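Starting from the two chains in their separate frames, assemble the complex, guided by the hints.
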Amino acid sequence: MQKRRILDFEYGNIDTDRVVMNFGPQHPSTHGVLRLEAELEGEVVSEIWPRIGYLHRCFEKCAENSTYPQVIPFIDRLDYISSMNNELPYVLGMEKLLGIEVPEKVTYIRTILCELNRIANHQIATGTFVMDAGAYTPFLYFFIDREMIIDIFEKCSGARLLYNYFWIGGLQRDIYPGFKDDCLAVIKAVRERIKEADKLFLYNKILIERTANIGVLPADVAINFACSGPVLRASGVPFDLRKTRNYLNYDKFDWNVPVGKGEVGTVGDCWDRLWVRLAEMEESCKIIEQALEQMPFEGDVRANLPKRIKPEVGEFYFSCESPKGELGFYITSDGTLKPSRVRCRSSCFVNLSVLPYITKGYMIGDLILILGSIDIVLGEVDR
Amino acid sequence: MTSKEIFSILQEKFGDKILGFFEGDKIDPFVNILPDSIKEICMFLRDESGLEFDYLANLTGMDYKDSLGVVYHLYSIKHNHYFVLKVTLDRTKPMLPTVERVWKTANWHEREVYDMFGVIFSDHPDLQRILCPDDWEGFPLRKDYVAPTEYHGIDATPNKLK
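One line per chain: the protein sequences are A and B, in this order. In terms of my numbering, the first sequence opens at residue 6 and continues consecutively. In terms of my numbering, the second sequence opens at residue -11 and continues consecutively.
Read the hints as simulated data drawn from the structure, not as lab findings. These figures come from a predicted structure and were not determined experimentally. Even for Gly, the Cβ is constructed at its ideal location relative to N, Cα and C. Worth double-checking, as some hints may not be accurate.
So these bits of chain B aren't anywhere near chain A, every CB distance computed over 12 Å [said to hold, decoys possible]:
| # | residue |
| --- | --- |
| 1 | Phe2 |
| 2 | Gly8 |
| 3 | Asp16 |
Simulated pairs of lysine to aspartate or glutamate, DMTMM-like, Cα-Cα distance not exceeding 25 Å [what the hints assert, rightly or not]:
| # | chain 1 | residue 1 | chain 2 | residue 2 |
| --- | --- | --- | --- | --- |
| 4 | B | Lys92 | B | Glu36 |
| 5 | A | Lys66 | B | Asp16 |
| 6 | B | Lys74 | A | Glu317 |
| 7 | B | Lys14 | A | Glu69 |
This is chain B alone, in the form it adopts within the complex (with noise of 0.2 Å):
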């Protein structure tokens, strides 16, 4: 099934919460929905009979500068079909509701995400950093991060040419 196909029956069962269907020949199809309705959408999409994406093969987090955004590349190994999803978030409050109960394999990926740009999904298990040490200060890959100069003591100035 086409990601236009996909689109137009997400449209019929959820209506305004589809923001909008996205292509381009430099672009993988994607489509843009409220964050809110994250998990019924993804629940939808793994059980509806046609669809069946069993398989979250990437979950990851941008930064467009002015607002935030996580990004669900999804796969169904069944009907060998691929889909794009993607949420936009409020910089200053980015929050949306965990996929970890659709796909085990979103909580690591979340786990990630929120260490590296801060994005709380909410109702996760274990929400902490996973890649960064716990007392890290910042989110390492926010377009606007300033790497710290000293860490416990250690000096991480980078090296300036004397």
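In isolation and in its complexed conformation, chain A is listed as follows (with noise of 0.2 Å):
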């Protein structure tokens, strides 16, 4: 009988080099065309670079070149998910700069779609953020609801992702008669699927043991790398820019602002960000129910659209609170038909920026959930 060799190590002496490994570009689990250069001891990240930029497009350069209603379609192909609220800070800020005053139905159609569209987007951050934890089912399902709001999209603007729909001084055209029906269909199936989502995967054990504890961005290191929208509020920092800017018509609805407790780990941990989306979702419905009560039917939503779009001398900075964080636009004009400047400020690129700081210490497997907690679409980080 062949004797059994005995390997003498004395493990402490085994000379363990770190490991860098690249994630991505082409990865399911980066989002999109994110490389993440991870160093790497064992199976434990030690340190991560993110490297961005593969989705480059040169936002920035081309608004510069384009008259200011024609950077509109460019604000769309930012963020993809969520264009309707994309539009929103360019335009409400175009008006401030032209001094318009928009119609109140305007303003309440312009309420409803950004909040629809929040919905759709936060179906698609959960979704994705599940699949990666190794439910798959939930995407589908969230995806059923998903296709409904886009439905209302097409409907209203004739397309399903990219709408050039918020004008400056109005919209594009306006709503359809069943609008409120659909509405309201859509909001009875989102209240029933956040239910469905509380029992089939929210406070189900496995995903609590891969999500609670894990990723923990506490409130100062948030604040301080300025991250905002559900990452930040998970962090416990009540801090929205619907309450705080006041802008379109926030005020007139009774809605509260989610923020993260540490339910079944530490506050801020990635099963906070999920739990504060999927709550977002039920006030974007109280707040989607109220407007449609208060909202004028009657009346032009083309009005107030100027013929010749030509501002005098200026700059204004305007940020709104987009489904993932804080999206601004600082618009600088020197009184021609074209902007000097556009700048975005955008939310995936800030709140990307603190990955390295949170995915400290924990596993690979760990690095892909943070990752899908944090929401980020490249087309808005790299512009």
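Below you can see the structure in the form of structure tokens.
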């Protein structure tokens, strides 16, 4: 009988070098063309360097060579999942620069469509996040409801994803006759789906084990990195531009800002970010319901569209709460038909910059989850 | 607190490092300061009680044709007020201290400003291009930038009507 070979190691003396590994740029879990250089110690992440820019399309340079209305289609293509919300800060900023008052009806339609878009975005965000954790079904379920929302957008603007619907001074066209009923049907379906999500995955033991206490982002660090949106609110900071900046007519509705409480783990972990998104979907439903009741259905949405957009010399920074965080546009006008500079303050870009901090010391498998919980779209990161 | 009040506090504290206060109805009120003093002024704005600008909302470069500039949009989550700082830089040698130690978010923003405008942020821990490839030549968002017609053997001439 062969004698068993005994390996005589002193384990403390084995020299294990740190290994640098590449994630992406073509990897399904990086949510787009993002490359992460990860320095690993065994299975533990010791350092991360995100490498971005693969989807850089020179938005800011293109904007300098376009007229003011021509910029809007470019903006649609930044964060292609929530285009309605993307157009909003640019359009509101331009209206401030031109001094245009829009009709009440336009403001209500913008509110409703932005909140619907927020729901659609959070459905994709939570869906892909739990898909990263190994649950494929919720992703498909969410897409059923999302299709209803996309249908409303398609009936309004003619496009499914890239709308060009909010124009400076009004809307591209009026809403269609069955708009209210469609919105109410969506709210009903979304609410049922949230209840189902609670049962299906939110309090599922496996998901809690995988996400609680993972990727903890303390509040002071989040503020120092200027994180915004659900990422900041999950860390327990009730900062929402819809409340503080008070644009559109969010002050007329009764709604809350959900903040992370660390229900199953620490405040600011991946589970909190997931929970905040699901809670925000419910708040959006509340806003849409109230807006539909108050909204005047009579009136012309194109009444105040200016014939020729040529603002005076001036500059404004206007930011709104997009589903992913603070999306702002710094518009500088030199008195000609084209902007002298349009700067996009991208929420995903800023939120992604905190990734090296919050992944340190976690496993590779958790790295994918933490990246998913930040909810980035590379179109907006790279611009 | 309004921008005017913050300006008077700054002027009292820093004197002639503050160059001026500008406002108008088509403009966010802003304060112009000397580039070299940006870090200490930002440190003061972040830590002084009553101001507490803990959130750097936006940092961006500008090209004013005869000079370059950097714009800082600050916000205080605690007090809910905004403030805009601007510096003007020499076009031939644009250089100023980094505020990365004040707000970590400035790290990537400053890399982007370097990438697009060629502004050097001294003491920045990792000043390299972020959106363009590492071997890219020139600074694309400068007004006098001419786009290359070729990149690594890829033809990039604009389509002309034949």
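Hints and how they fare:
no., hint, verdict
1, Phe2, "23 Å, holds"
2, Gly8, "16 Å, holds"
3, Asp16, "6 Å, violated"
4, Lys92/B <-> Glu36/B, "18 Å, holds"
5, Lys66/A <-> Asp16/B, "23 Å, holds"
6, Lys74/B <-> Glu317/A, "21 Å, holds"
7, Lys14/B <-> Glu69/A, "19 Å, holds"
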